[in-house]
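Q: For the protein sequence lines, the chains are A and B, in the order given.
Heads up: the first sequence begins at 36 in this note's numbering, then just goes up one per residue.
Heads up: the second sequence begins at 36 in this note's numbering, then just goes up one per residue.
Where hints are given, some of them may not hold.
As the list claims (entries may be wrong) - Which residues of chain B face chain A? A few of them, derived with a C-beta cut under 8 Å, are:
no., residue
1, Ser203
2, Gly215
3, Leu290
4, Phe314
5, Arg316
6, Leu333
7, Val335
8, Pro371
9, Gln375
Unchecked claim - Chain B residues, not near chain A, derived (Cβ > 10 Å throughout):
no., residue
10, Leu94
11, Pro140
12, Pro152
13, Gln164
14, Ala170
15, Tyr210
16, Arg211
17, Glu217
18, Ala263
19, Arg275
20, Met309
21, Val321
22, Asn328
23, Ala340
24, Gln376
25, Gly384
These aren't lab readings, by the way, just hints derived from the structure by calculation.
Cβ coordinates follow ideal geometry from the N, Cα and C atoms, glycine included.
2 protein chains.
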Amino acid sequence: MEQSGRVIGRKPILRALAGEAMARPPIWLMRQAGRYLPEYRAVRKDVADFLELCFTPELAVEVTLQPIRRYGFDAAILFSDILVVPHGLGQKVAFREGEGPVLEPVRSVADLTALDPAPLRERLATVYQAVRGIAAALPPEVALIGFAGSPWTVATYMVEGGTSRDFSTIRLWAYRDPIGFEKLIDLLVVATIEHLSAQIEAGVEIVQLFDTWAGILPEAAFRRFVIAPTRRIVAGLLLRHPGVPIIGFPRGAGLLAEAYAKETGVTVIGLDAMMSLGFARDRLQVSLPVQGNLDPLLLVAGGAAMAAQAREILSTLSGGPFVFNLGHGIVPQTPPEHVQQLVDIVRDG
Amino acid sequence: MEQSGRVIGRKPILRALAGEAMARPPIWLMRQAGRYLPEYRAVRKDVADFLELCFTPELAVEVTLQPIRRYGFDAAILFSDILVVPHGLGQKVAFREGEGPVLEPVRSVADLTALDPAPLRERLATVYQAVRGIAAALPPEVALIGFAGSPWTVATYMVEGGTSRDFSTIRLWAYRDPIGFEKLIDLLVVATIEHLSAQIEAGVEIVQLFDTWAGILPEAAFRRFVIAPTRRIVAGLLLRHPGVPIIGFPRGAGLLAEAYAKETGVTVIGLDAMMSLGFARDRLQVSLPVQGNLDPLLLVAGGAAMAAQAREILSTLSGGPFVFNLGHGIVPQTPPEHVQQLVDIVRDG
Numbered sequence: 036m037e038q039s040g041r042v043i044g045r046k047p048i049l050r051a052l053a054g055e056a057m058a059r060p061p062i063w064l065m066r067q068a069g070r071y072l073p074e075y076r077a078v079r080k081d082v083a084d085f086l087e088l089c090f091t092p093e094l095a096v097e098v099t100l101q102p103i104r105r106y107g108f109d110a111a112i113l114f115s116d117i118l119v120v121p122h123g124l125g126q127k128v129a130f131r132e133g134e135g136p137v138l139e140p141v142r143s144v145a146d147l148t149a150l151d152p153a154p155l156r157e158r159l160a161t162v163y164q165a166v167r168g169i170a171a172a173l174p175p176e177v178a179l180i181g182f183a184g185s186p187w188t189v190a191t192y193m194v195e196g197g198t199s200r201d202f203s204t205i206r207l208w209a210y211r212d213p214i215g216f217e218k219l220i221d222l223l224v225v226a227t228i229e230h231l232s233a234q235i236e237a238g239v240e241i242v243q244l245f246d247t248w249a250g251i252l253p254e255a256a257f258r259r260f261v262i263a264p265t266r267r268i269v270a271g272l273l274l275r276h277p278g279v280p281i282i283g284f285p286r287g288a289g290l291l292a293e294a295y296a297k298e299t300g301v302t303v304i305g306l307d308a309m310m311s312l313g314f315a316r317d318r319l320q321v322s323l324p325v326q327g328n329l330d331p332l333l334l335v336a337g338g339a340a341m342a343a344q345a346r347e348i349l350s351t352l353s354g355g356p357f358v359f360n361l362g363h364g365i366v367p368q369t370p371p372e373h374v375q376q377l378v379d380i381v382r383d384g
Numbered sequence: 036m037e038q039s040g041r042v043i044g045r046k047p048i049l050r051a052l053a054g055e056a057m058a059r060p061p062i063w064l065m066r067q068a069g070r071y072l073p074e075y076r077a078v079r080k081d082v083a084d085f086l087e088l089c090f091t092p093e094l095a096v097e098v099t100l101q102p103i104r105r106y107g108f109d110a111a112i113l114f115s116d117i118l119v120v121p122h123g124l125g126q127k128v129a130f131r132e133g134e135g136p137v138l139e140p141v142r143s144v145a146d147l148t149a150l151d152p153a154p155l156r157e158r159l160a161t162v163y164q165a166v167r168g169i170a171a172a173l174p175p176e177v178a179l180i181g182f183a184g185s186p187w188t189v190a191t192y193m194v195e196g197g198t199s200r201d202f203s204t205i206r207l208w209a210y211r212d213p214i215g216f217e218k219l220i221d222l223l224v225v226a227t228i229e230h231l232s233a234q235i236e237a238g239v240e241i242v243q244l245f246d247t248w249a250g251i252l253p254e255a256a257f258r259r260f261v262i263a264p265t266r267r268i269v270a271g272l273l274l275r276h277p278g279v280p281i282i283g284f285p286r287g288a289g290l291l292a293e294a295y296a297k298e299t300g301v302t303v304i305g306l307d308a309m310m311s312l313g314f315a316r317d318r319l320q321v322s323l324p325v326q327g328n329l330d331p332l333l334l335v336a337g338g339a340a341m342a343a344q345a346r347e348i349l350s351t352l353s354g355g356p357f358v359f360n361l362g363h364g365i366v367p368q369t370p371p372e373h374v375q376q377l378v379d380i381v382r383d384g
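One chain only, chain A, in its complex shape (with noise of 0.2 Å):
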């Protein structure tokens, strides 16, 4: 894979992205802007609310940077949220302060004949705009990542109407109609190549797929629901885009992380803080390039364990080809100064 890595460019994350094992391996970290950062909580507190902030281009470009500026990150992510593909369905969200996102939830085959693909890209031109921005501001070294829910994850929201405990409803649906709940799959399929083309056009450079409840299926569903879908999505936005890094990121797969890994075809599989780094190193990075997985909460805790547990990760994981995040976003509790404790760590050893 080495070879196809020297040809991509300068970008340390794009060779990593493409095979390259690097002696110093690429680093940003999920939720890398948002609360933990007074930067960010001085522009929010502004803002009416957080879609407001997703949907005003000079906010979204500058909270995505402010992480950059302050760390030097190897990549910037689009400051944006999962749940503005069901806003652009057409589906009603929105997010009360510390409640989370509320949805009119859609429970059925009728309900869906409220949410149309069709002017998605209209309703969501403003996110388009923010990364125009970003691509135009970020230093040359830096790497822009775009994404999007998977179907799976983003339909909980849609059908459990917010967060779940226990993701009964969906389950439900889709136990005793799959084929009717595959209608909603596929409508997220559809909406998810579409959204991460129009990033992709727009200037980002890899895309992420979050799969954060990826693990609460049985392995028959799982195939059906994740996998399946997530195949659909890759093949169509590489007949589109060819070359562009797709990172997958199945969050609590398990087992199944390495069935994930073969048969959707991303490029990249992330790993969450729960993943075996043996496992990691044997199985899936023989294969293609791995991301991960610091715990965010010894994030919180700093100090040597973080900087043992870090080291153990890069010690697994640099040998092949490899980015450092964590296992799951940022919590707004972490001290920055660990954030910079742990850049230092994967720079400098």
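Chain A is fixed; fit chain B onto it per the hints.
A: Quick look at chain B alone, frame taken from chain A:
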């Protein structure tokens, strides 16, 4: 393993747990006594709270026996809760309607001084009295299962103060001060051995360790806070009660289930609904009997989807030592007639 199975006795589940492959595998279901049963709700409505039900022997006996009368399961499981152990240690535990358990949290080594394992058996005397009552009332072919939560899982409730979404308080304590946090784990190892021994002395024939939240830990922490204390509990129990079957249920362990099965000494492993059946057969069942793993939501859905998955589980796992169960507890909205359909499938194919 089959040889040892034959000498154990005639109760079918004890034969399976001793290693015998059964043409008709035994079946019981986690949380088989509970709110989905009208006869349970009739008892429950006359008691002030959930703990009163656990601590009133004649009521605990009655609700434990209800699903045996209705379905003829191969095992009864003591009606109780994993949080009786913190209660037995002197922590304040309450169950509030619709809110789940609420505990006065322990969050430091200093907080541990309020907890005392010495009076545990006395504080939980009514639990063991219930065990004696159930043991006396069970049909001769039905075995009695006792249980406890694993130290890590019980600690999550003790430290977070109830159920948690992100388990950040306990993980931060464990990461920042592993030696201090281990004192809580050590205390729970002692209390768990004591509580399970008392149940065995009162008449339970099998014990299960529920580790509902095993799956949230990175590998190093999983080894330290899940595998190591479980190994100590198993060793302590087998010293006092040689030959007692000990079912470990490390929910969400995924890949790490194999290390758990090999290193803890549990004699049986419970599989969650996310566990791949092929992996369970090829990597776990070759070493020890397995139990599981129908998604409880498939039991709510019922019909063809449930039947197909139940048959898939049976055809994959009943060639070796196997007990049919769910992958997690029955949920309250389960139609009781679906449970009967499942029992019929397992019994009659």
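Q: Compare the structure with each hint and give your call.
A: Hint check results:
1. Ser203: With a minimum Cβ separation of about 6 Å from chain A (threshold 8 Å), the hint on serine 203/B holds.
2. Gly215: violated (13 Å)
3. Leu290: Holds. Min distance 5 Å.
4. Phe314: holds (5 Å)
5. Arg316: Interface hint status for arginine 316/B: violated (12 Å vs cutoff 8 Å).
6. Leu333: holds (6 Å)
7. Val335: Holds, because the Cβ-Cβ distance from valine 335/B to chain A comes to roughly 6 Å (cut-off 8 Å).
8. Pro371: Because about 17 Å separates proline 371/B from the closest Cβ in chain A, which is outside the 8 Å limit, the hint is violated.
9. Gln375: Violated, about 19 Å.
10. Leu94: Leucine 94/B clear of chain A: closest Cβ-Cβ about 27 Å, beyond 10 Å.
11. Pro140: At roughly 17 Å from the nearest Cβ of chain A, proline 140/B sits farther out than 10 Å, so the non-interface label holds.
12. Pro152: holds (28 Å)
13. Gln164: Its Cβ never comes within 10 Å of chain A, the nearest being 33 Å, so this holds.
14. Ala170: Answer for alanine 170/B: holds, closest chain A Cβ roughly 33 Å.
15. Tyr210: Tyrosine 210/B is in fact no farther than 10 Å from some Cβ atom of chain A, at 4 Å.
16. Arg211: Its Cβ does come within 10 Å of chain A, the nearest being 5 Å, so this is violated.
17. Glu217: Label holds. Min Cβ-Cβ 14 Å, cutoff 10 Å.
18. Ala263: Given that every Cβ of chain A is farther than 10 Å from that of alanine 263/B, nearest at about 17 Å, it holds.
19. Arg275: Holds, since 33 Å exceeds 10 Å.
20. Met309: violated (6 Å)
21. Val321: The claim stands: valine 321/B keeps its Cβ more than 10 Å from every Cβ of chain A (closest is about 16 Å).
22. Asn328: With a cut-off of 10 Å, asparagine 328/B comes too close to chain A, as the shortest Cβ separation is near 8 Å.
23. Ala340: violated (5 Å)
24. Gln376: Glutamine 376/B clear of chain A: closest Cβ-Cβ about 14 Å, beyond 10 Å.
25. Gly384: holds (20 Å)
When each numbered hint is compared with the structure, violations occur for hints 2, 5, 8, 9, 15, 16, 20, 22, 23.
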